[in-house]
Amino acid sequence: MWKIVRLILSGIGILFVLFLFSCKTKTSKKATEKIVQATKVEKEEPVLKYGFPVDSFSVKYGHIKNNQYLSQILNNCGVSMAIIDKIARKSKAVFDVRKIKSGKSYAVFSSLDSLHQPKYFVYENSPVEYTVFELSDTLGIYQGHKKIETKLRSARGVVETSLWNAMVDNQVSPVLALELSDVFAWTIDFFAIQKGDRFRVIYEEQFVDSVSIGVGKIYAVEFDHYGTPNYAFLFDQDERADYFDDKGQSLRKAFLKAPLKYSRISSYFSNSRLHPVLRIRRPHHGVDYAAPKGTPVMSIGDGTVIARAYQPRGGGNYVKIKHNSVYTTTYMHLSAFGKGIHTGARIKQGQVIGYVGATGLATGPHLDFRIAKNGRLVDPLKVKAPPVEPVRKGNMERYIAHKDSLLNELQKIEWKGEELIAEKR
Numbered sequence: 000m001w002k003i004v005r006l007i008l009s010g011i012g013i014l015f016v017l018f019l020f021s022c023k024t025k026t027s028k029k030a031t032e033k034i035v036q037a038t039k040v041e042k043e044e045p046v047l048k049y050g051f052p053v054d055s056f057s058v059k060y061g062h063i064k065n066n067q068y069l070s071q072i073l074n075n076c077g078v079s080m081a082i083i084d085k086i087a088r089k090s091k092a093v094f095d096v097r098k099i100k101s102g103k104s105y106a107v108f109s110s111l112d113s114l115h116q117p118k119y120f121v122y123e124n125s126p127v128e129y130t131v132f133e134l135s136d137t138l139g140i141y142q143g144h145k146k147i148e149t150k151l152r153s154a155r156g157v158v159e160t161s162l163w164n165a166m167v168d169n170q171v172s173p174v175l176a177l178e179l180s181d182v183f184a185w186t187i188d189f190f191a192i193q194k195g196d197r198f199r200v201i202y203e204e205q206f207v208d209s210v211s212i213g214v215g216k217i218y219a220v221e222f223d224h225y226g227t228p229n230y231a232f233l234f235d236q237d238e239r240a241d242y243f244d245d246k247g248q249s250l251r252k253a254f255l256k257a258p259l260k261y262s263r264i265s266s267y268f269s270n271s272r273l274h275p276v277l278r279i280r281r282p283h284h285g286v287d288y289a290a291p292k293g294t295p296v297m298s299i300g301d302g303t304v305i306a307r308a309y310q311p312r313g314g315g316n317y318v319k320i321k322h323n324s325v326y327t328t329t330y331m332h333l334s335a336f337g338k339g340i341h342t343g344a345r346i347k348q349g350q351v352i353g354y355v356g357a358t359g360l361a362t363g364p365h366l367d368f369r370i371a372k373n374g375r376l377v378d379p380l381k382v383k384a385p386p387v388e389p390v391r392k393g394n395m396e397r398y399i400a401h402k403d404s405l406l407n408e409l410q411k412i413e414w415k416g417e418e419l420i421a422e423k424r
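The sequence shown maps to residues 0 to 424 in numbering that gives the first Met the number 0.
In case anyone wonders, no lab produced these hints; they're calculated from the structure.
Some hints here could point you the wrong way.
Okay, derived cross-link-like pairs now, PhoX-like style, lysine-lysine, Cα gap no bigger than 20 Å in a straight line [as the list claims (entries may be wrong)]:
| # | residue 1 | residue 2 |
| --- | --- | --- |
| 1 | K48 | K194 |
| 2 | K103 | K48 |
| 3 | K260 | K145 |
| 4 | K100 | K59 |
| 5 | K411 | K150 |
| 6 | K252 | K383 |
| 7 | K392 | K246 |
| 8 | K321 | K252 |
| 9 | K252 | K292 |
| 10 | K321 | K411 |
| 11 | K216 | K256 |
| 12 | K64 | K100 |
| 13 | K64 | K98 |
| 14 | K321 | K392 |
| 15 | K321 | K347 |
| 16 | K381 | K256 |
| 17 | K338 | K321 |
| 18 | K103 | K146 |
| 19 | K372 | K252 |
| 20 | K64 | K103 |
| 21 | K260 | K292 |
| 22 | K145 | K103 |
Label-pair restraints from in silico Cβ distances [what the hints assert, rightly or not]:
| # | residue 1 | residue 2 | range |
| --- | --- | --- | --- |
| 23 | P173 | K59 | 58 to 64 Å |
| 24 | Q170 | I399 | 34 to 40 Å |
| 25 | P45 | R97 | 30 to 36 Å |
| 26 | E133 | V174 | 43 to 49 Å |
| 27 | V351 | S211 | 44 to 50 Å |
| 28 | S125 | G226 | 38 to 44 Å |
| 29 | A191 | S70 | 51 to 57 Å |
| 30 | D168 | S70 | 42 to 48 Å |
Positions of the beta carbon are idealized from the N, C-alpha and C atoms, including for glycine.
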């Protein structure tokens with residue numbers, strides 16, 4: 000009998016011990032979990048600004064004021080003029096401190112102690128690029144770049160007044176309008192956009208610190224102009240990306256290399272050329288082609304004549320042609336105009352628009368040829384002719400698959416009323 004009682008008590012004791020061990024184990028596990036959680040909290044990544052942990056500094060942000068210099072900002076923060084002088088001299092190879100502009104952002108990182116000693120000064124050159132000035136003994140100066148986040152977007156819309164206004168009114172980056180005008184520069188005159196034109200587009204928008212800084216790549220566009228759809232698809236053909244239409248034809252057309260044949264260049268594009276007649280130095284924003292009087296002058300590209308006139312104290316007989324929303328060309332000192340050349344006339348590439356002469360201020364027969372890009376005169380010899388090669392046969396199968404995929408995505412963007420809508424994808 001007593002043996003049975005002892006066995007029962009012994010069993011109860013074992014169970015009690017096991018119970019205590021179990022509780023201890025659970026407690027131990029909970030304690031371990033708390034330690035792990037605490038460790039995780041301790042290992043959280045610090046918040047960085049310009050590569051510096053902001054929690055480790057006292058940070059002051061500001062904007063450059065009118066007529067404010069770096070020396071004034073740093074001196075107000077307690078940096079000695081001796082150090083400021085060294086920074087100015089040492090920084091020339093990286094960044095000229097005299098080029099600091101009003102309105103730009105800056106930040107001063109100071110120590111957390113009561114002295115608030117300035118450690119770093121950061122100047123934002125642009126929304127992406129910044130320059131760091133180390134204010135310690137090393138006085139290091141270097142440039143950094145913020146991380147750019149790219150998001151895929153789609154937009155659709157119907158033009159009411161202008162493409163630019165439509166985008167501004169509907170909170171779509173207006174830069175997209177400029178990018179579209181560049182994509183279709185050779186096929187659509189964006190100065191002739193009319194009410195009812197519509198578009199849908201798939202593109203990238205770039206962000207820095209959650210703020211939009213512009214438009215990235217445009218992948219696909221359908222732009223209905225005067226009721227006719229115009230397509231553009233970005234395609235990488237042998238490591239060179241360009242835009243092609245739905246049939247694989249390039250959207251860009253090349254200019255002729257020169258507006259006339261059998262010539263030599265007698266004067267180049269210059270900001271200070273000795274004028275052969277006036278004998279004074281003045282800008283010459285064109286290229287002079289010396290050629291015999293009567294040599295045919297050709298338009299370097301398709302376009303519309305926007306001026307045919309005479310300047311007695313300037314270019315003499317001249318013709319100005321608008322090729323698209325980006326480029327215009329001017330042909331000066333002509334002895335005569337070509338057949339059918341008048342304001343408003345449509346011109347084909349290679350068409351004769353006049354003949355070499357010496358009208359106006361000229362010492363001899365030559366053509367003064369000028370190119371303006373977005374209204375600004377540029378060196379004609381440095382204008383790179385855009386590619387005109389279509390999708391090659393060897394790439395056509397790959398292009399068709401690529402185009403069909405993008406076209407399918409475009410068609411998912413349904414037309415909706417008269418308002419412009421941007422969507423996150």
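Run through the hints listed earlier and report the numbers of any the structure violates, in increasing order. Failing hints, ascending: 1, 3, 9, 10, 11, 14, 23, 26.
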